[in-house]
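Q: What follows is the residue order along each chain.
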Amino acid sequence: MWLTRPLQERSTQLFLGILFMALLVVSVLHVALPEGHALHVSAYTVTLLGKYLCYALLAVAVDLVWGYLGILSLGHGAFFALGGYAMGMYLMRQIGDRGTYGDPVLPDFMVFLNWQELPWYWYGFDMAWFAFAMVLLVPGALALVFGWLAFRSRVTGVYLSIITQALTFALMLAFFRNEMGFGGNNGLTDFRDILGFNLRTDEVRLGLFIATGIALALGYLVCRAIVTSKLGRVSVACRDAEARTRFLGYRVERVQLFVFVVSAMLAGVAGALYVPQVGIINPSEFSPLFSIEIVVWVALGGRATLYGAVIGAILVNYAKTVFTGVMPDAWLFALGALFVLVTVFLPQGIAGLLKRRRKRNDDTPETSSTAEATA
Amino acid sequence: MSISRWLTFLLIALLTVPGMTSAQEERAPEALLEQLAEASPRDTETVIKAIATSGHERARNWLDAYGNNRLSQVKDTGQIVIVLNNRGRDWEVADAITGENLGETSRRDLDRIAVNNAIRRQLEGVMAMMNLYANDLEVREAAALDLMGKVDDAVVEDVTARIEEEPDADIRSRLEQAVAIYQVEEQGSAEVINVLAGSLHPRARAALNNAVASEDPALRAPAEKALGSIEQKLKMNKAAETLYFGLSLGSVLVLAAIGLAITFGVMGVINMAHGELIMLGAYTTWGMQQLLPGQPGLALILSIPAGFLVAALAGIAIERSVIQFLKGRPLETLLATFGISLILQQLVRTVISPQNRTVVSPEWMSGSLVINDALSLTLNRMYVLGFALVVFATLMLIMRRTRLGLEVRAVTQNRAMARSMGIRATRVDIMTFALGSGVAGLAGVALSQLTNVGPNLGQNYIIDSFMVVVFGGVGNLWGTLVAGLTLGTINQLLEPWAGAVLAKIIVLVFIILFIQKRPKGLFPQKGRAAEA
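Keeping their order, the protein sequence lines are chains A and B. Numbering that gives the first Met the number 0 applies: residue 0 is where the first sequence begins, and numbers increase by one. Numbering that gives the first Met the number 0 applies: residue 0 is where the second sequence begins, and numbers increase by one.
Treat the hints with care, as some may be off.
[What the hints assert, rightly or not] Going by beta-carbon spacing under 10 Å, a handful of chain B positions derived as facing chain A:
1) Met271
2) Phe324
3) Pro329
4) Leu330
5) Thr336
6) Ile339
7) Leu341
8) Phe386
9) Leu396
10) Met466
11) Trp496
12) Val500
13) Leu507
[Stated by the list, open to error] As a list, the in silico DMTMM-like pairs of lysine to aspartate or glutamate whose alpha-carbon atoms are at most 25 Å apart:
14) B:Lys48 with B:Glu190
15) B:Lys326 with A:Asp239
16) B:Lys48 with B:Asp152
17) B:Lys48 with B:Glu37
18) B:Lys519 with B:Glu406
19) B:Lys48 with B:Glu185
20) B:Lys224 with B:Asp372
21) B:Lys149 with B:Glu184
22) B:Lys503 with A:Glu178
23) B:Lys48 with B:Glu163
24) B:Lys516 with A:Glu178
25) B:Lys519 with A:Asp239
26) B:Lys48 with B:Asp108
27) B:Lys74 with B:Asp110
28) B:Lys519 with A:Glu252
[Claimed, not checked] Cβ pair distances, simulated, as ranges:
29) B:Arg423 with A:Val277: 34 to 40 Å
30) B:Arg399 with A:Arg250: 39 to 45 Å
31) A:Met126 with B:Pro495: 36 to 42 Å
32) A:Ser283 with B:Thr357: 45 to 51 Å
33) A:Asp96 with B:Leu233: 24 to 30 Å
Calculated directly from the structure, the hints in this document are not laboratory data. We treat Cβ as the ideally placed atom computed from N, Cα and C, and that holds for glycine.
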């Protein structure tokens, strides 16, 4: 099967092995050891790690389009947030009449705004299957429409980056409006249940953490399967020489569209897993800053490696947690410096460093530094 | 009261009340005031008018104090005083005639000169009348404007009389309108409705609205007609106002984007820190005002070159430290300069403050230019609009007519060829980047006059700026000007029915769709420049 094919690669085996070991170790340390033990992993830490894994999946999605397609998307936060909102709407409907205002149908913020009935686009979100389908379909549909418009008219390079940034900026402004019916500034929060389980118990948190780990593994496999397939080869060809690929007879825009939509769906899944763990989704996830931060995770980890994106996402977010705890003012300095240093001194990221040390080529001959489409 | 005083009073009363012409005599003001104190309610009106037309420099103060219950007579001496402070037992008073402060007097020694609401109403009209006789044109103009809707039985004759004497045509028509409002409202006169048809004053419209609602058909028909023509004019003015605001917003966009049009459009360098260079310019203005307290005008003028220099130097630093190493890698340049923008923002937050700073507008920039009753244009926006055009024209000249402009175009079109012709390409890079950055600083100086200066100032403009440059066509300064003004105007046109946020979203979506249709913008580069 196409999805299991990458399992024969050593790098994939290694990655999945480390990932599942980490999941296992964390779960065991959390469940088996008593609280107060030096090695006990608290529920807080489990959730935090779950959050990192969501970011890692998001970074893998960005690496798929940036590393293997040469499209620098500065709007992937939008797909992430849309997935998150779809999940948030489901969780919101699960609250039922236990909200502050006790309305069986309307979420609290709608009662607060004096809305009389549920807007049509909220229908169906009380059913898990529908909501979970939307997690994939909404970001996918946006990516499809946007990508179709953009790739068809051959908008690439820097222009595409700036337009994707404008897209997420426009969505942020829209979601900040109360009239949109997504809770405006405050977003969706105060969740209670997911699939009938209480979100606030440690067991469910651990379950979500493991689910995120599995999603990351699956996402990684999907991306790996794509990039090692023939389609992946064409996509790399588009990245390195778009015009030439087109002249060779490939429908470049279809390849681009397919990869872009898959990537958007992965980002949506990451957002959907993120929301129940952090307990809130609000329009700040749409902010252009967040989207561009994702790119720097990938850049730090190393483009076009996929596992590099995971390393980068976890490292940067761990640093963010530490910095914002110890000296919050310094975080933006550090992040800014990271942007500059990585791009100037570490164009291949950490994965590039590892690779140079090993002096061995796995199966990825496509990690060249001159990978941009010309503007 | 002594007999001599009594006689004087009688004499002056005889002289003043019938003709009011001899009121300007030596002791007249004092006498008039005393007369006011003694007058029966029926005579008060006459006395008030006498005071108003006396031409005494303090006449206004007296009437003002009278209306506010602050005109009193000292019981023993009969001296008329104005109460300055009526708290407590002892009141602070001033001599009404000389204005000299007399210190505190027990309130029991004072006799308040009674006033009632009927008199107050008269006073209002009379006081509005008073300035009609002033010599200063502006004072008369203001007084005439003030009379709109305030003409009543008491002053109508005087105002009508004044119309004949008034030398200025504008004021004359204003007075005619004021009288016409009275005639329409109080007397139901239909003949004068035409006078009101040309007026945009809200009070004139109210009078016409009342007339339309009235029973009298003779009044209703012409009033409706007049109202229709007024609505028409108002619409035109509204449209002119929207256009002005649109152009103003557009000029801000042009200013913010024009520097980018050089660094991104001409040089092809994606500088995400452009917004922060704007911010630096704005903070330079603020800093200059801190250095020169009390002289906002001078500080603002000095910050034009200072803002340019600061931003240009920052630009050179960015170019030398980062951008030159990323030549030919636009996506990396984007990321690195974004990092720089984060650092600059945080630097301002840490060094200055995360809070917004207010920059004072100098006097000659505040206020507005009044076109008519419905339309007035704020001056600061007008200055920014003019400034944007001047900056644009200067840049155009530099790019078209100077050695630097020639070399910039040569280097961007064919770097290797330009170098072989002896152009120092690296130096041109630095100069161009400094120029674009400096213009961003100028934008900051201008923006400091319109918005708050804060660490997020630049962030708010970066996406808009890129949109303007891309919309206008990369590498084309004219395109940037047209695109900026167009987008600003579209935004303002949409705002009334869509709201500010939605208007912005619509404009963004519009640009996104537009780029799909015409990826090279409004004015694509042609010929050799397009191949570069």
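Q: None of the hints should be skipped; say for each whether it holds.
A: How the hints compare with the structure:
1. Met271: Interface hint status for B:Met271: holds (8 Å vs cutoff 10 Å).
2. Phe324: holds, 5 Å
3. Pro329: Holds, because the Cβ-Cβ distance from B:Pro329 to chain A comes to roughly 5 Å (cut-off 10 Å).
4. Leu330: Interface hint status for B:Leu330: holds (5 Å vs cutoff 10 Å).
5. Thr336: This interface hint holds because 8 Å falls under the 10 Å limit.
6. Ile339: holds, 6 Å
7. Leu341: holds, 4 Å
8. Phe386: Nearest chain A Cβ about 27 Å off; hint violated.
9. Leu396: violated, 28 Å
10. Met466: Hint holds; B:Met466 Cβ to chain A Cβ min 6 Å, cut 10 Å.
11. Trp496: Since chain A brings no Cβ nearer than about 14 Å to B:Trp496, farther than 10 Å, the hint is violated.
12. Val500: Since the shortest Cβ distance to chain A is 5 Å, the answer is holds.
13. Leu507: holds, 4 Å
14. B:Lys48 with B:Glu190: violated, 29 Å
15. B:Lys326 with A:Asp239: With a Cα-Cα distance of about 17 Å, the restraint between B:Lys326 and A:Asp239 holds, given a limit of 25 Å.
16. B:Lys48 with B:Asp152: Answer holds: B:Lys48 to B:Asp152 is near 13 Å, not above 25 Å.
17. B:Lys48 with B:Glu37: Judged against 25 Å, a Cα distance of about 15 Å means the pair holds.
18. B:Lys519 with B:Glu406: holds, 24 Å
19. B:Lys48 with B:Glu185: holds, 22 Å
20. B:Lys224 with B:Asp372: OK: B:Lys224 and B:Asp372 at ~20 Å, within 25 Å.
21. B:Lys149 with B:Glu184: holds, 11 Å
22. B:Lys503 with A:Glu178: holds, 15 Å
23. B:Lys48 with B:Glu163: Holds: B:Lys48 and B:Glu163 sit about 19 Å apart, inside 25 Å.
24. B:Lys516 with A:Glu178: violated, 31 Å
25. B:Lys519 with A:Asp239: holds, 22 Å
26. B:Lys48 with B:Asp108: Status violated; Cα separation ~28 Å.
27. B:Lys74 with B:Asp110: Measuring from Cα to Cα gives roughly 6 Å; hence the hint holds.
28. B:Lys519 with A:Glu252: holds, 18 Å
29. B:Arg423 with A:Val277: 34 to 40 Å: violated, 54 Å
30. B:Arg399 with A:Arg250: 39 to 45 Å: holds, 43 Å
31. A:Met126 with B:Pro495: 36 to 42 Å: holds, 41 Å
32. A:Ser283 with B:Thr357: 45 to 51 Å: Taking Cβ atoms as reference, A:Ser283 and B:Thr357 lie about 27 Å apart, which means the hint is violated.
33. A:Asp96 with B:Leu233: 24 to 30 Å: 52 Å Cβ-Cβ, so the 24 to 30 Å window is violated.
When the structure is compared with the earlier hints, violations turn up for hints 8, 9, 11, 14, 24, 26, 29, 32, 33 and for no others.
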